[in-house]
Every structure is written in C-alpha cells, then in structure tokens.
Amino acid sequence: MHLPKFEYLEPGETSEVVSILGKYRGQCSIIAGGTDLLVAMKQRRQTPKYVISLAKVSELKQIREEAGMISIGPLATLEEVVASGPIQKKLPVLAQAAWEVGSPLLRTVATIGGNLCLDTRCRFYNQSEFWRGARPDCFKAGGVICHVTNKENTCYSTFSGDIAPALIALNAQIQLIGDGDERWLPLARFYTGVGRIPNLLAAGDNEVLTEIKVPLPADGTKGLYRKYRFRESIDFPLVGLAAILRVDPDDGICQEACLVFSGVGSRPVQAAEAENKLIGKRLNEDIIAAAAETAAGEVHPVKTDRVNPQFKKKIVKAMVREAFTELGGVKS
Amino acid sequence: MKRLINIVVNGEPHEVAVNPEQTLLEILREELGLTGTKKGCDQGECGACTVLVDGKPVSSCLVLAVSVNGKSIATIEGLSQNGRLHPLQEAFVQHGAIQCGFCTPGMLLAAKYLLENRPLPSEQEIKEAIAGNICRCTGYVKIIEAITAVAHSTAQ
Ligand SMILES: Cc1cc2nc3c(=O)[nH]c(=O)nc-3n(C[C@H](O)[C@H](O)[C@H](O)COP(=O)(O)OP(=O)(O)OC[C@H]3O[C@@H](n4cnc5c(N)ncnc54)[C@H](O)[C@@H]3O)c2cc1C
Ligand code: SF4
Ligand code: FES
Ligand code: FES
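Taken in sequence, the protein lines are chains A and B. Those letters in the first sequence? Residues 1 to 332, by our numbering. Those letters in the second sequence? Residues 1001 to 1156, by our numbering.
Extracted from the complex, chain A is given alone in its bound form (with noise of 0.2 Å):
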C-alpha cells in the first residue's frame, strides 16, 4: 500500500509551525511518530498535501521534573516515557498504560503527544480505501449514513487511546501553542466526545499540542492501568482503565478515588459516580462491587468493533473490581 503524493515540511521551531498551519490551513497535517498518521494515509482516510514533521523543534522531546510536577513534551516516545526515571517512580500509572501501547517496534517512535492527539476508531472506518469501497462512505469518511447506527449526520466511533486515561487520572494539563496565543486547559477538555472530530485539534485549526503538564500526586497516591483486548501483544484497548487510589493510612478511609476509561466512547469516559462510591467509604468487597456495578452504568459503548457492547460493560464491571481490589489491599 503506497502513501498518497504530499510535500514535506520539517520547519525547526514551533513558531514556524503554526505559521505553516496558518498558511495552509485544512491542507497540512502534523506529523509526530507517524504511526497513526501514516496508516491513515495509507488507507486514504487523510490525504494532506503537506505533511509536517515535528522532528526538527527540539524543545519539544524533553522529559523534565520542576516544582511539584513533571513536564513532558509531546515528542518524548513512548519508549523515553517508560524508561524514564522520575515517571516511572512517580506516575506509574502512565509508564504502565505507555507500556501497553501497540508494540516495541512502534513504541520506539510513537509519540505521547501523537497519542492524546490518536483518531478515533470504527471497524468501517479504520479499513483500506479498496474495502471501505464496499459501502458507501460512512458519514466519518464524507458520506452521510453511520452504518453502526444507521442513522445520518453521527458518527460514534471510539476512543481507544492508552494515555489519555492516564493522564487524566493525573490530572494532567495540555499546552496548544497556535496564531499569537497559548492556552493552557485540562486534558480532558481536550476532548469533545463528537466521533468525527473528537480532539480540539482535529478541525485542522493552527494550533499545536506543545507541552503536558502533570501534577505530582500526593503522598500514598497508588495507581495502575489495566488493558483488556484480543493480541496482548500489539492491539488497541477494546477497553481500558486508569484507576487511583488514596487511602488515609491511619483510618483507612478513601480519600481519593479515579477511573477513567478508554474504548467505550467517543471521548476517554471519566465515571464520576463510581468513584462517588468509593471515596469517603473503608474499601471492602461490597463497596467495590458496588462502585464496578454504577461504572458499567456510567459507561455507553458502541458497537465499533468486534464486541457487544452489553460485552463491554462486563468487562468494565470485572476491571474496576480487580483494580480496587489490588490498589485498595482489600482480601477477597
């Protein structure tokens, strides 16, 4: 499968960048890693006429601890994310999910900031051009149908990123550098939950993802990420779990509780009334129980892939189980 023809543009500072956006704006996509990127184009999904590399802004790849928080630009791989020390000791819940992205040999040049930026997937969508031709185009693909849904004008493919959960369990901010303005904003906000465009930047406006900002958790803060899908070797989340936990060593008492979800929306699904349950409460076998029962409520997959939704909540269900039930200690 060959790439479309583009021109390459390997600009050397992120200023030079937005101004390439700007200048070409709806024509141009960034490139990080390329390893979602590049298959996209394979496939003909996305057929920029630039492509712009992200290779040459140095300042963009460092990995850093500063006052009370770790700062990761967007260009660390996601190798340099599970090797490096200090998130390794203080966020292992993001070495942990870094770990579990794809395999080794993507690993070594997927980028953490091409990650968070990761499309949306749909089994009729994520196919070569030659079997996508076997229907019409799907809304996403430019036509007007969702052939999951078969409804007009929605799409409901799926988040199924690794970091983000991670990353927004921690509480993490994002930079978006763009025309003669910075922001700063939760990653969370970062999603809009809507299929087709599901990031802030995916309508193709000038902005770039610079900077990730994540605060150190506090003391006793345990987490870990959980991945449930068909080849551990290589796939993409069917679902996955960032979970944190503290608990008040002298008490025993929840103080903070967070799970956060991949592959069973359009957006990385937070479900607040789970950890509801759980914070305020001495976590035993009932209280878990009933937090997993009120996440596999919170959560709503589609059908875009090859599991039943009604499928996925089990799983939802047994996951927020065993992730309390090793972060809480708690003997069943």
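Accuracy of the hints is not assured; some may be wrong.
[Unchecked claim] Computed from the model, here is a short list of chain A residues facing chain B with C-beta under 8 Å: (1) His2; (2) Leu3; (3) Lys5; (4) Glu7; (5) Tyr8; (6) Val39; (7) Lys42; (8) Ser53; (9) Ser103; (10) Pro104; (11) Leu106.
Calculated from the structure, these hints are not laboratory results. We put the beta carbon where it would ideally sit given N, CA and C, even for glycine.
Go by the hints and put chain B with the ligands onto chain A.
Quick look at chain B with the ligands alone, frame taken from chain A:
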C-alpha cells in the same frame, strides 16, 4: 519533489534521492536492493519490516525515508560478519526457529536489540521484545529457545 538523504546502511554510507511518500522499507528494498527486509502488512501490524534505526527496532513500513536523513540503519544483510553468521542466526538455524523464514529478519533484529540491552533476559522479557513480530509458522517456542540459548552462551 525528490530530496537527497544521507544514511549509513550496515556501516556503508549511501546518498539516496527519495520522494516524501517513500517509506524507509521501500527505499531499502527498491532503491538499495536490500530485499531481506520484508513487506508484510505494510501497516505496522506484523514486524516483517523491522530494521534498527540508530540501534532501535522500528517497523520500517511506518517510517518516512526523508525522516531518517543522517541516521544509521541496520538490516538483516548486515548481521553476518566476514561470511560468518551472527550467533543469533546460528541459533535460529540450530533450534529450528525458521520455517518459511518470512518473519526471521525482523525477529533477529528485534532479538539483537533485546540482547544488547538485556544480555540475560527472562522468558517473559523475550516474549515482550518480539511481541511486535508475528510468526505464522513456528509457534514462537523455538524462537524463544534460540534467543535463550544465545543469551546463555554469551553469558558464560
Ligand atoms: C499496529 C498498531 C497498533 C497500535 N496499538 C495502539 C495501542 O494499543 N494503543 C494506542 O493508544 N495506540 C495504538 N496505536 C496507535 C499509535 O501507534 C499510537 O497512538 C501512537 O502513540 C501515536 O503517536 P505518533 O507519534 O505515531 O502519532 P502520529 O501518527 O505522528 O500522529 C497522530 C495524530 O496526532 C497529530 N499530532 C501528533 N503530534 C501532534 C502535536 N504535537 N500537536 C498537534 N497534533 C499532533 C497528528 O497530526 C495526527 O493526526 C497503534 C498503531 C498501530 C499501527
Ligand atoms: S461510527 Fe458510523 S460514521 Fe463513525 S466511523 Fe463508524 S460507521 Fe462511520
Ligand atoms: S510490513 Fe511493516 S509491520 Fe508489517
Ligand atoms: S517462520 Fe514463517 S512466519 Fe515465522
């Protein structure tokens, strides 16, 4: 528009004129004639196209040739030295870790990277290191045995 890139492939410098839409895999096979690197899925799923870029394993079907300008690339053709097979190659032959051979170049390079960084890996670490390399024939057991054997013999 074509542009010139300078790369070192298996120790030898090359200047190649490439189109932006050419992948590293395509220029290795089609411009440099190094057909030991295989094209399988062409979408990052199978690992048949694994090469080392600056020592690290990548799926060369998902790497733009223009992006490796100035880098050093190792392919399967560079593994044997002076007509002698690399110990990993020997072990793959001896342990029956090769059947059709399509996955073998990628498998060997992924294994080389592993042993350079973890001379005595556990079985789990070996499995993790070759997780991106699909083999349809061997069932992986003999591949893991071969890599283990090399690790043990080098350690002695
Ligand atoms: C076989 C296979 C398996 C995979 N498995 C997984 C998996 O298990 N989990 C998972 O999460 N992903 C998976 N992926 C997807 C992908 O490899 C990862 O999400 C990866 O982290 C994407 O990063 P990248 O640098 O390669 O992105 P790119 O392809 O370079 O970019 C992806 C998107 O982000 C945009 N972008 C990138 N950087 C920036 C920036 N700084 N500012 C603005 N926009 C930007 C690009 O324009 C593009 O739209 C898989 C891919 C393949 C081919
Ligand atoms: S959910 Fe519907 S519109 Fe969206 S990609 Fe799938 S088939 Fe297309
Ligand atoms: S050909 Fe590159 S991973 Fe399959
Ligand atoms: S030996 Fe045939 S694919 Fe591995």
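Hints and how they fare:
For His2 (chain A), the interface hint holds, the least distance from its beta-carbon to any beta-carbon of chain B being 7 Å, beneath 8 Å. Proximity of Leu3 (chain A) to chain B holds as hinted, the smallest CB-CB distance being about 4 Å (cut-off 8 Å). For the restraint placing Lys5 (chain A) at the interface with chain B, the shortest Cβ-Cβ distance is roughly 5 Å, inside the 8 Å limit, so the hint holds. At a threshold of 8 Å, the smallest CB-CB gap from Glu7 (chain A) to chain B is about 6 Å, leaving the interface hint in force.
The interface hint given for Tyr8 (chain A) holds, since its Cβ lies 4 Å from the closest Cβ of chain B, which is under the 8 Å cut-off. Because the closest C-beta pair between Val39 (chain A) and chain B is about 5 Å apart, less than 8 Å, the hint holds. A least Cβ separation of about 6 Å between Lys42 (chain A) and chain B falls short of the 8 Å threshold, and the interface hint therefore holds. At its closest, the beta carbon of Ser53 (chain A) sits 6 Å from a beta carbon of chain B; the interface hint therefore holds under the 8 Å criterion.
Because the smallest distance between the Cβ of Ser103 (chain A) and any Cβ of chain B comes to about 3 Å, under 8 Å, the interface hint for this residue holds. With a cut of 8 Å, the hint placing Pro104 (chain A) at the interface with chain B holds, because the nearest CB-to-CB distance is about 5 Å. Annotation: Leu106 (chain A) was flagged as interfacial toward chain B, and the flag holds, the nearest CB pair being 6 Å apart, inside 8 Å.
In this structure, none of the earlier numbered hints is contradicted; all agree with it.
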